[in-house]
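Enquirer: Sequence:
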Amino acid sequence: KLMLFSGAMDGMNHSVVSEFVFLGLTNSWDIQFLLLVFSLLFYFSSIMGNLVIVFTVTLDAHLHSPMYFLLANLSVIDMVFCSITAPKMICDIFKKHKTISFLGCITQIFFSHAVGATEMVLLIAMAFDRYVAICKPLHYLTIMSPKMCLYFLVTSWIIGVIHSSVQLVFVVDLPFCGPNIFDSFYCDLPRLLRLACTNTQELEFMVTVNSGLISVGSFVVLVISYIFILFTVWKHSPGGLSKALSTLSAHVTVVVLFFGPLMFFYTWPSPTSHLDKYLAIFDAFITPFLNPVIYTFRNKDMKVAMRKLWSRLMHYRKIS
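In the UniProt record's numbering, the protein residues as written are 1 to 320.
Note that these hints are calculated values from the structure, not bench results.
C-beta atoms are modelled at their ideal positions from N, C-alpha and C, and glycine is treated no differently.
Misleading hints may appear alongside valid ones.
With a cut-off of at most 20 Å between alpha-carbon atoms, the simulated EDC-like pairs for lysine to aspartate or glutamate come out as follows [what the hints assert, rightly or not]:
(1) Lys98 / Glu19
(2) Lys98 / Asp276
(3) Lys88 / Glu202
(4) Lys303 / Asp60
(5) Lys88 / Glu19
(6) Lys96 / Asp30
(7) Lys277 / Asp92
(8) Lys308 / Asp60
(9) Lys95 / Asp183
(10) Lys96 / Glu202
(11) Lys300 / Asp60
(12) Lys96 / Glu19
(13) Lys98 / Asp30
(14) Lys95 / Glu19
(15) Lys277 / Glu202
(16) Lys95 / Asp30
(17) Lys277 / Asp183
(18) Lys98 / Asp183
(19) Lys88 / Asp276
(20) Lys277 / Asp30
Restraint ranges, calculated between C-beta atoms of paired labels, are given here [to be verified]:
(21) Ile158 / Thr26: 37 to 45 Å
(22) Phe33 / Val76: 30 to 38 Å
(23) Leu51 / Phe228: 44 to 52 Å
(24) Ile181 / Pro87: 35 to 43 Å
(25) Val37 / Val172: 33 to 41 Å
Sequences and hints are given; from them, build the entire structure.
Expert: Written out as structure tokens, the structure is:
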């Protein structure tokens, strides 16, 4: 939908975009039905899986440690992240006219960037936690104090909000006069800039540098930290290398799954295929679902705590 108004400068009619139209992923009813089933399954599984982690860590005193504090907050972030685009996509699947207001589009972009950057910083904090636990075990509780954990959490959210705000402050006042079509199922910043009625090359470069730098930079920092941890373990105790690999494998898997699509979005020049849309599905649905699976099924303490929590719930149920 376009709103018309009279231009004060040249007296000619101009149009302002008040909403954007999503083309979605497909027009095939069969594929749309499969997408609906897939989306509902993974979205609710993601929410339930991450909720289980949050409740398990909160209610089990044995898990009140820095590592599980950060893990529980990662689960909260994952729930927020997948809720930014997933519900809208699920509601729109069978709609012929998929729309989102201009404000809704900007809000979606703001939260996706803010929460995404927050998760990046939190993953770095979790890597630091593993470094201290493996390389400086005697000083672990001193270094990873509750104050330090809270500092990591607050810092990650501050960096996320600043990262997102810096980009959008230059975008909200751009003129949008049509077309207003997104060849996607959600709003993203590169596509939005290409719809502006002005030259946005400098802004596109800024977004690439800003988002690309924080994603690639965070990924490089994490890879270097893991290599340093493994090298330190191998140097001091070659026999402990396999144990360190086992401990870090879950973190490495989560990092690769999370950063892979993001680096493609913001470092690849203007996508020429539909691959970015399907990678976005992976990032919105599958990664938040896999995080709790990876961290619970590969962690003995989490599995034991979850069994205890389940037994306690069954006990209360029988009593009531």
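Enquirer: Falls inside 35 to 43 Å, the C-beta gap from Ile181 to Pro87?
Expert: violated, 22 Å
Enquirer: Tell me if the straight-line CA distance from Lys277 to Asp183 falls inside 20 Å.
Expert: holds, 8 Å
Enquirer: Between Lys308 and Asp60, does the CA-CA distance stay at or below 20 Å?
Expert: Satisfied, since the Cα-Cα distance of roughly 9 Å is no more than 20 Å.
Enquirer: Are the Cα positions of Lys88 and Glu19 separated by 20 Å at most?
Expert: The given pair, whose Cα atoms are some 15 Å apart, holds under the 20 Å limit.
Enquirer: Quick one: are Leu51 and Phe228 within 44 to 52 Å, going by C-beta?
Expert: violated, 34 Å
Enquirer: Check the hint pairing Lys277 with Asp92 against an upper bound of 20 Å on the C-alpha distance.
Expert: Cα-Cα ~15 Å, so holds.
Enquirer: For the pair supplied as a hint, Lys300 and Asp60, confirm whether the alpha-carbon distance does not exceed 20 Å.
Expert: Holds, at about 14 Å.
Enquirer: So if I understand the rule, the pair passes when the alpha-carbon distance is 20 Å or less; does Lys95 with Asp183 pass?
Expert: holds, 15 Å
Enquirer: Hey, Lys277 versus Asp30, does the alpha-carbon distance stay inside 20 Å?
Expert: Cα-Cα ~19 Å, so holds.
Enquirer: Check whether the Cα positions of Lys98 and Glu19 lie no farther apart than 20 Å.
Expert: holds, 10 Å
Enquirer: Are the Cα positions of Lys88 and Glu202 separated by 20 Å at most?
Expert: violated, 31 Å
Enquirer: A range of 37 to 45 Å was offered for this pair. Does it hold for the Cβ distance of Ile158 and Thr26?
Expert: Given range 37 to 45 Å: holds, Cβ gap about 39 Å.
The structure fails to meet hints 3, 10, 15, 23 and 24 from the earlier list, while all remaining hints are met.
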